[in-house]
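One letter stands for each residue in the lines below.
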Amino acid sequence: MEDTGSIVAFWLLAALTLGSALAVVLIRDLIRAVVLLITSFLGVAGLYITLSADFVAVVQVLIYVGAISVLMLFAIMLTPRAGRNNAETFFRIPGILLAGLMAFTISLVSLDTDWAVVERGGFEETASAIGEALLDKYVLPFELAAVLLLVAMLGAILLVHPEGTDEE
Amino acid sequence: MDSVNRFGPELILLAMAAVIILADIGWALAGTGAERMRRPALGALALTGTAASIIWSALLIAFDEQGEAFSGMIRVDDFALFFNFLFAGTAAIVILASIDFLRRNRFVAEYYALILASTAGMMLLASTIDLIAIFVALELTGISLYILVAFMKDGRSSEAGLKYLLLGAISSAVALYGMAYLFGITGSTSLDEIGLVVSEANGETRSALVLAMVFLIAGFGFKMAIVPFQMWVPDVYEGAPTPVTAFLSVGSKAAGFAVVMRIFLTALGDGSISSDWATVFAILAAISMSLGNITALVQGNIKRMLGYSSIAQAGTFLIGLAVVAAADPQLLLGTSAVLFFLGTYAFTNLGAFIAVIAISSKIGSDQIADYAGVAKRSPLLALGLTICLLSLTGIPPTAGFIAKVYVFNAAVQADLVWLAIVGVLNSVVAAYYYLRVVLNMYTAEPASEESIQPGYYLGLAMVVAVVGLLVIGIFPSPLLEASEAAARVFG
Amino acid sequence: MLNQIPEGVVWAILFLPFGSFAVISLAALLGLTRTGSWEARFSGYLTMAAIAASFLLSLWALDSVLQEDGARIGYDAHEWVTVGSLRFDIGVTVDGLTAIMLIVVTSVSLLVQFYSQGYMRGDPGYNRYYAFMSLFTGSMLGLVLASNILQLFVFWELVGLCSYLLIGFWFYRDSARRAATKAFVVTRIGDLGFLSAILLIWTKTDQLDIGQIQHLAATGMIGSSVITWFALGLFAGAAGKSAQFPLHVWLPDAMEGPTPVSALIHAATMVVAGVYLVARFFPVFIVSEEAINAVVVVGAITAIMAASLAIVATDIKRVMAYSTISQLGYMMMALGVGAIGAAIFHLFTHAFFKALLFLGAGSVNHATGTFDMRKMGGLARFMPVTFLTTTVAGLALVGVFPLAGFWSKDEILIEAWAEKPLIFWTALAGVFLTAVYVGRMLFLTFGGEYKGGEASDHGAQANSRPAEPHESPWVMLLPLVVLATLATTVGFVNITGGMNDILEGWLPEETHELVAAGDFVLWISVVSVAVGLAGLGLAWAIYSRKAIRAEEVSAALEPVQVLLDRKYYLDDLYETVIVKGVIMRGAAAALHAWDRYVIDGVVNGLASLMRFSSEKYRLAQSGQAQLYGAAIFIGVIVIVASVLQDELLGIVGL
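In order, the protein sequence lines correspond to chains C, L and B.
When you line the first sequence up against the working numbering, it's residues 1 to 168, in that order.
When you line the second sequence up against the working numbering, it's residues 1001 to 1491, in that order.
When you line the third sequence up against the working numbering, it's residues 2001 to 2654, in that order.
Treat the hints loosely; a few may be bogus.
Unchecked claim - Okay, the calculated bits of chain L under chain C, using three or more residues with CB under 8 Å as the criterion:
1) 1103-1117
2) 1126-1138
3) 1200-1210
No lab work stands behind these hints: they were computed from the structure.
For every residue, glycine included, the Cβ atom is placed at its ideal position computed from N, Cα and C.
Please put together the full structure from these sequences, using the hints given.
Next up, the structure:
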């Protein structure tokens, strides 16, 4: 059985993650929502650490907390009048109902299943193992991800370029 | 080297995409003198890419170079090669149909590069046998298509692109969640290993398996455009540039079916779970056919109508999947029925959309009512569109007839008589709205007498599609044999 | 006596018209028809040459069959598609039934093509007309010659398609368009049954070859419920194509097509394909009590109902359309009492006199510019040849001795008397009704005073109103005369029962005892002719002599009149209730409403709410995306819940 410390850590982190995620959805001020989103991402990173996934946790912080959230903040600030006082959406009640049902279904199914549990090992650094896997077994998806980024870049250029058609 | 060799058809598409982008930069540097040659040359490069991909795939067959590559990430077998031809051929026809369409657009190079990248992604979806690679391929296909849908950058196209992106992201997330569950249950990302674990699974992981299965159906159902994951179809089909709509309706849909067949037949093919998904597919097939056809009845816009019709057609393909693990399972018959149907559908739907491109760009409207008297203004286009619509209806001697007989026969053989009956009833409903277009073209006075001349490339694409579907309708053997050979991979 | 016809020649019968279609289409595709280097009349000549050649070869086929006493001349089927479990063959077969059908199709088609040269002269769609006619004739021959049921179905659909194209030939008319759609959709409902029957027999016996299926059925190798369902499926297809109750509603509307088309397709050939189908699978029908009873009941209802409708129709072509439906009902009735010989014999004679009636109607239309009988009258004086030939055809239809219709109708009555007396009385009532409407048609059109006609809407004299009706050109009259001669004489072909022998020679031996074969009964012939003459007399009294005023009759029988005017409310039932009410208004509109009011309404309402409360809400449509996304999750929940219902209920303790 797990030691008490990691159990307590798990519940705290889980509460942090879910609580701030819920607040992101409910709060009407976009900037605060993004800040709360950062908290949620941090909570997830914490969960990764309790699972001994150090590299993934660091990447989570770097990419989601560092890059994506900042990008969101930039986008909000660059959009005039997008920041505050957004009205209530029509989908509030149906949305809550649906999310509740979904959570209910997933919880029931997860409880009903007999999961194959992996024994906890010691705390080892995983970065080099991931690196080797990416450049050995998973080299194809890794390289394809590069192509994916190229495509996304092409798209970004294409879509934000002010001109659509030539003058000819 | 074997790995690279077997990856060749995809590799050459991606390489050609890069070449096109670089060549475009070269033109920009060369100055305005060479500008006139830019568009045709880029189009030719893109076509060369698809042709090279087809040739490479053929060489793989000729030299019997089938097998796995990249340490069990992809498996190049008859099934994957079948789809290589299908996707590369589709891309070639779409590119041909785009040349005139892009006459005034500045981002020609990007357009072709995105088409090629998306095609490579589709090919990978058919050949990958590892969940991680499948997801990356799924995104490669998807992201290219999101951009292509928004390509026109006007209000409708942007709105369609945004919707497609949002819903695509949701469905990818759902599919990914399903994959995570699958990994959680079996501890592996390799389809073969998952299949081994699943076939020996006892009842204790059943509910999680079911949830994973439903998430996968939902995630890929988005690509296949089946009810209830089809909501985006009419809006996106209507808003996207028509050649892209054609590509979506054929390529993207076929890719969805390819990956679903790969996953469900390899990883979830054995054990009690298979009868569960067969039942789900049977019911979704019936709902998709009925809802798609009935809604198509009242559409006034031809692209929306073809959108709903493609939902109904997807329902018909699903019959084949239901047959695979029905009460009286017909693995070979069901799989090959889906493959054959996809092959004929590619020609048929591409032909229909090409005709729509040619006609709509001239009359400046997608409304069926404005197709009045098109037969007078362009007898050949009207004839071509009529043949395609007849094939969609399933009337001999077109390819659509053979496909329908094949798939309904499969359903009856598998003891799914009710599904065959639903399918046959639906084809009557479908006849009504397809023929409404035909009638409108051949009847009603045209608004103007000016003749409609499709461009040279568009005409060529149309001829390829229509001749293809007639040839398959009269000599279906080669395609049937190819489908059965591809289906035997799972046998 | 010639040698037995080789297989290649049989294929040639089929491919000659297709070749003509291909050449005309090619000429049109290459633009030769527009530049004038391919003159329109070439299309006519080519079509006629091809069909004439087919006709001569069909005679050879008949000769070969006669030498075999109607037995099947077997040719090996050719492999068309073989893939693993799937094998389709194609092949041709020639037997007594086929040979007779070949003769009917090619000879009537030839005469109609000849006639069309006059009727269609100057029409802008001249090339298209002949291309479709060639395609139709080829497909019809393919249907008749097919040796397996799937191949038969392919040609079955092709003739349906040609019919559809030719009904909508004058596509600028709204009514023609609607008629074409109606024909297509209604016949496809029947085709569903046909296709289901094919799938059923294929699954149960693994056979598509017609001869094999007949053999299996006759020898009791197929279970009786399979046989019944298979036969009923086939009959659904036949009822659609042959316009049998309740799928008959398309045929009267189909008269929107050019009159020669009506003569060829909607009277003499395509509509009898249903009768042919039932005859072709006669060994299957005859062993199933239920199926054969369905055939006879539907045939009887159709015969009576359509004949009564023909009495009130005012459009001369619609009268003939109902008459055709009624006569097809007779043929089905004959098949239903087991008299295959009589049925096909009637098909044979009917083809000639009904084609003649239609061509006569076309000639009348050519002269007066209208099909409305109330605007004709007195044409006997202006058009003596048309009058005489049409009268011959009308009398043949009534069954007056010694015209063709007498012999075949008489045979049906005799067989019916021997097998099912109730059917005999029904058929006799039908004879009376037939005589009334034929008499009415003849008296209104040719008797009395000329009432003016109408401006023509096709051909060279389009939109010019003929001052005085005139006789048609000789290209139109010659086929009339030839057909009138045939309508007078073809009845004698079977006077010794020789035709029945070859029509029944191909049936499997096991079924021979089930085939009805009565001998000539004098009193039945006398009674039927007397009833026919009585009907003609009544028509004369009402419409010529005016001894009984038509208005009084209709006033006295007002409910009946209304019922007939509304065509037994069947069209209303289909169009208003089923098509508009249930399909269009109900299901489709509900979905449309869902799309429009729920989704758009939610979104638009949301949007205006947003715009009202906040200027910042720009992407009005994004609400739609939320809804679409929600649908994905709703779908997931519903599917999971339904697959796992037992497990989930178990967890929550229910």
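Hints and how they fare:
no. : hint      : in the structure
1   : 1103-1117 : holds (count 8)
2   : 1126-1138 : holds (count 6)
3   : 1200-1210 : holds (count 6)
The structure fails none of the hints (numbered hints given earlier).
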